Amino acid sequence: MAIPTEADFIIAGGGSAGCVLAARLSENPRHKVVLLEAGGSSDNLLVKMPVGTYLMLSKPKTDWMYEPEPDPSLLNRQVTWMAGKMLGGGSAINGMVYIRGARSDYDSWANELGCEGWSWDEVQRYFMKSEGFGGEAGPTHSTEGPLGVSARPEYHPLAQKFIDACHERGLRKVDDYCSGDIDGAFTNLVTQRKGQRSSAARAFLETAMKRQNLQVVTEALVDKVVIENGRAIGVQFIKDGEKHIVRARREVIVSASTMQSPAILMRSGIGPADALRELGIDVAVDAPEVGRNLQEHASVNTSYFVDIPTYNNMVTAGKMPWNILNYLLFGRGALTITPVEAMAYLRSQPGLENPDIKLQFGALAFDAETPGPHKRPGVIVYANVAKPRSRGEIRLRSLDPADKPVIDHRLLGDPEDVAALIRGLKEVDEIFNAPALAGHLRGRLHPEVKPQTDEEWEQHIRSTAGIGFHPVGTCRMGGDTNSVVDPQLRVRGVAGLRVADASIMPVMPAANTNAPAIMVGEKAADMILQGRS
Numbered sequence: 057m058a059i060p061t062e063a064d065f066i067i068a069g070g071g072s073a074g075c076v077l078a079a080r081l082s083e084n085p086r087h088k089v090v091l092l093e094a095g096g097s098s099d100n101l102l103v104k105m106p107v108g109t110y111l112m113l114s115k116p117k118t119d120w121m122y123e124p125e126p127d128p129s130l131l132n133r134q135v136t137w138m139a140g141k142m143l144g145g146g147s148a149i150n151g152m153v154y155i156r157g158a159r160s161d162y163d164s165w166a167n168e169l170g171c172e173g174w175s176w177d178e179v180q181r182y183f184m185k186s187e188g189f190g191g192e193a194g195p196t197h198s199t200e201g202p203l204g205v206s207a208r209p210e211y212h213p214l215a216q217k218f219i220d221a222c223h224e225r226g227l228r229k230v231d232d233y234c235s236g237d238i239d240g241a242f243t244n245l246v247t248q249r250k251g252q253r254s255s256a257a258r259a260f261l262e263t264a265m266k267r268q269n270l271q272v273v274t275e276a277l278v279d280k281v282v283i284e285n286g287r288a289i290g291v292q293f294i295k296d297g298e299k300h301i302v303r304a305r306r307e308v309i310v311s312a313s314t315m316q317s318p319a320i321l322m323r324s325g326i327g328p329a330d331a332l333r334e335l336g337i338d339v340a341v342d343a344p345e346v347g348r349n350l351q352e353h354a355s356v357n358t359s360y361f362v363d364i365p366t367y368n369n370m371v372t373a374g375k376m377p378w379n380i381l382n383y384l385l386f387g388r389g390a391l392t393i394t395p396v397e398a399m400a401y402l403r404s405q406p407g408l409e410n411p412d413i414k415l416q417f418g419a420l421a422f423d424a425e426t427p428g429p430h431k432r433p434g435v436i437v438y439a440n441v442a443k444p445r446s447r448g449e450i451r452l453r454s455l456d457p458a459d460k461p462v463i464d465h466r467l468l469g470d471p472e473d474v475a476a477l478i479r480g481l482k483e484v485d486e487i488f489n490a491p492a493l494a495g496h497l498r499g500r501l502h503p504e505v506k507p508q509t510d511e512e513w514e515q516h517i518r519s520t521a522g523i524g525f526h527p528v529g530t531c532r533m534g535g536d537t538n539s540v541v542d543p544q545l546r547v548r549g550v551a552g553l554r555v556a557d558a559s560i561m562p563v564m565p566a567a568n569t570n571a572p573a574i575m576v577g578e579k580a581a582d583m584i585l586q587g588r589s
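The sequence shown begins at 57 in this note's numbering and counts up one residue at a time.
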C-alpha cells in the first residue's frame with residue numbers, strides 16, 4: 057500500500073469517533089480522506105465474538121496497557137488503564153454496553169459550560185443517526201444507522217431479579233433509558249448485531265473502506281500535527297520505523313483518545329508552554345488546559361455466590377464445543393456474554409437532584425486470588441460515582457511518540473467521591489439482600505467479610521478500586537477562552553485543526569462512554585461538512 061502524501065481531511069486515530077469521521081467525511085466522493093491508526097486491523101474472530109473481550113485485554117497487540125503513576129488515593133497502587141489498540145479502539149475491546157447518559161448531562165454542557173449546540177435535544181439526533189436498532193423504530197430509536205444496537209440474545213434470569221431487587225429498595229423500573237431517563241433500574245442494550253460485536257470499525261468502516269477516496273493506514277503512529285503560520289497543514293506519523301508527512305488541504309482532526317490526543321497536541325506545540333519548553337518543543341499555542349481535566353470512573357465490585365448456574369459454569373473447557381456450535385449456528389449462548397446485563401442509578405443520600413451512583417450487574421464473578429472466573433457460580437455488581445469529582449492529567453514523558461504519556465490521576469482524590477461510594481456500596485449490599493435476590497445468595501465472594509464501619513469501607517474502596525474504562529476530558533470543550541476546543545471542536549489558536557473524541561467532554565456523562573464518543577464523531581463530521589460540498 058502506498059503511503060499517502062495528501063488529502064482533504066486527515067484523521068489521527070481510528071477509535072470510536074475516528075471511524076465515524078472517516079466514514080462520514082468520505083461519503084462525498086470529492087473528499088479524499090486519510091485515517092491513521094496506531095494499531096492493526098480488527099477484522100478477526102476475537103473482535104466479532106463478544107466473549108473475545110476477555111481474551112484481548114492485557115495483550116500488547118490489542119491493548120495499550122497504560123501504566124499510570126502510583127496513585128496516592130489508591131494507597132499508591134498502579135492500576136493498568138486498558139484501551140483498545142486497533143481499528144475501532146475501545147469499541148473493539150469493550151463490554152459493549154450501549155448507553156447515552158442523562159438529559160441533564162448534555163443540557164449542563166450547553167447551559168452551564170458554554171457548549172452551544174450540545175444540549176440533549178441537539179445531540180439525541182446524532183445518537184440516533186448512528187443507531188441500527190434491532191427492535192422497532194420509534195421516537196428514541198432508529199433502525200437506519202450502521203451501528204448494531206440490540207437487546208442481548210438472552211439475559212441471565214438473575215438480571216431481572218436484580219432489577220426487581222432494586223425496585224424493592226425504592227428504585228423505579230425505567231422503560232426507555234435511551235430517552236435520557238436513567239433514574240432507576242433497567243436491562244441495558246448492547247452494541248451487537250445478530251450476536252456479534254458491532255464495533256465502530258465494523259459498523260462504519262467495513263463499507264467505507266471500499267471507497268476509492270478513503271485510505272486507512274494501520275500501524276501508523278501519529279507523532280504530531282504540522283503547523284505553519286498558525287494553521288494545521290498536515291500530520292507527521294511513523295510507519296515501519298520511518299517518518300512520513302501527509303498534508304491536509306482542508307482540516308486535520310485529532311481523534312486519538314483521551315490519553316493520546318492531548319499528547320499529540322503537546323508534541324505539536326499546543327499545551328502548557330513551560331512544560332513544552334522543558335522538553336525542547338517550540339510553543340505554537342500556550343494552552344495550559346491541554347492534558348488536564350482527566351476524569352475516569354473508579355469501580356468497586358461486590359460479588360456473591362448464587363444457587364443457579366451463571367456464566368462461571370458456562371465457559372468451562374468441557375462446555376466449549378457446544379458453546380462454539382451454538383454461537384456459530386445461532387449467534388447465541390455463552391460466547392455472546394457481556395460483562396453487564398442490567399444497570400441502576402441511585403441516590404446515595406436523600407435530596408440529590410440526580411442519581412449519583414451507577415451500578416452495573418453481571419452474571420459472571422471473578423476469583424479474588426487467581427485471574428479469571430471463579431469455579432463456583434456467582435454474580436457481580438460494579439459501583440461507580442456516576443459523575444466523579446476527582447481529576448488528573450496527562451503529560452508527555454518525552455518527545456518520542458512511542459513513549460506512552462504520563463497518566464497522573466487521583467482516581468479517588470475528592471473526599472466526596474469516597475463518601476458517595478461508601479454510601480452506594482452499603483446500598484448495593486441492601487439490594488443483594490432484598491427479597492428478589494436474597495433467596496439465591498450462597499455466601500459472599502467480594503468483599504469476603506462485609507466492612508462494618510465507614511473507615512473499613514474506605515479502606516476496602518481504596519485498596520480494591522479499579523477503573524471503569526471511561527477516561528474523558530483532557531481536551532476540554534467549552535465556551536470560555538481557556539478551553540482547549542470551542543463548541544465547534546476547533547482547537548483554539550490554530551486554524552484547520554479539531555479534536556473529536558471522548559477527550560473533548562467537559563464533564564463525564566453519567567454513562568459508559570462508547571456511545572457518547574460515537575455521537576461526538578457524528579456531530580463533528582456534520583459540523584465539518586456544513587458549508588462544504
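Heads up, a few of these hints could be off.
[To be verified] EDC-like, lysine to aspartate or glutamate: derived pairs with alpha carbons at most 20 Å apart: (1) Lys-250 with Glu-125; (2) Lys-185 with Glu-200; (3) Lys-185 with Glu-83; (4) Lys-506 with Asp-423; (5) Lys-229 with Glu-409; (6) Lys-460 with Glu-125.
[Claimed, not checked] Per label pair, the in silico range of CB-to-CB distance: (7) Thr-263 with Glu-172: 29 to 35 Å; (8) Pro-213 with Leu-381: 21 to 27 Å; (9) Gly-191 with Asp-423: 19 to 25 Å; (10) Ala-193 with Gln-544: 38 to 44 Å; (11) Gln-544 with Asp-423: 45 to 51 Å; (12) Asp-485 with Glu-275: 45 to 51 Å; (13) Pro-471 with Glu-83: 44 to 50 Å; (14) Asp-423 with Ala-475: 26 to 32 Å.
Just so you know, these hints were derived from the structure itself, not from any lab.
Model, not experiment: these values are computed from the prediction.
Positions of the beta carbon are idealized from the N, C-alpha and C atoms, including for glycine.
Status of the hints after comparison with the structure:
1. Lys-250 with Glu-125: violated (41 Å)
2. Lys-185 with Glu-200: holds (7 Å)
3. Lys-185 with Glu-83: holds (14 Å)
4. Lys-506 with Asp-423: holds (17 Å)
5. Lys-229 with Glu-409: Roughly 18 Å separates the two Cα atoms, so the pair holds.
6. Lys-460 with Glu-125: Status holds; Cα separation ~12 Å.
7. Thr-263 with Glu-172: 29 to 35 Å: Holds - the Cβ-Cβ distance for Thr-263 and Glu-172, about 33 Å, lies within 29 to 35 Å.
8. Pro-213 with Leu-381: 21 to 27 Å: holds (23 Å)
9. Gly-191 with Asp-423: 19 to 25 Å: Since the Cβ atoms of Gly-191 and Asp-423 sit about 36 Å apart, the hinted range of 19 to 25 Å is violated.
10. Ala-193 with Gln-544: 38 to 44 Å: Check failed, 30 Å falls outside 38 to 44 Å.
11. Gln-544 with Asp-423: 45 to 51 Å: About 49 Å separates the Cβ atoms of Gln-544 and Asp-423, which means 45 to 51 Å holds.
12. Asp-485 with Glu-275: 45 to 51 Å: holds (47 Å)
13. Pro-471 with Glu-83: 44 to 50 Å: This hint holds: roughly 49 Å between Cβ atoms.
14. Asp-423 with Ala-475: 26 to 32 Å: holds (30 Å)
When each numbered hint is compared with the structure, violations occur for hints 1, 9 and 10.
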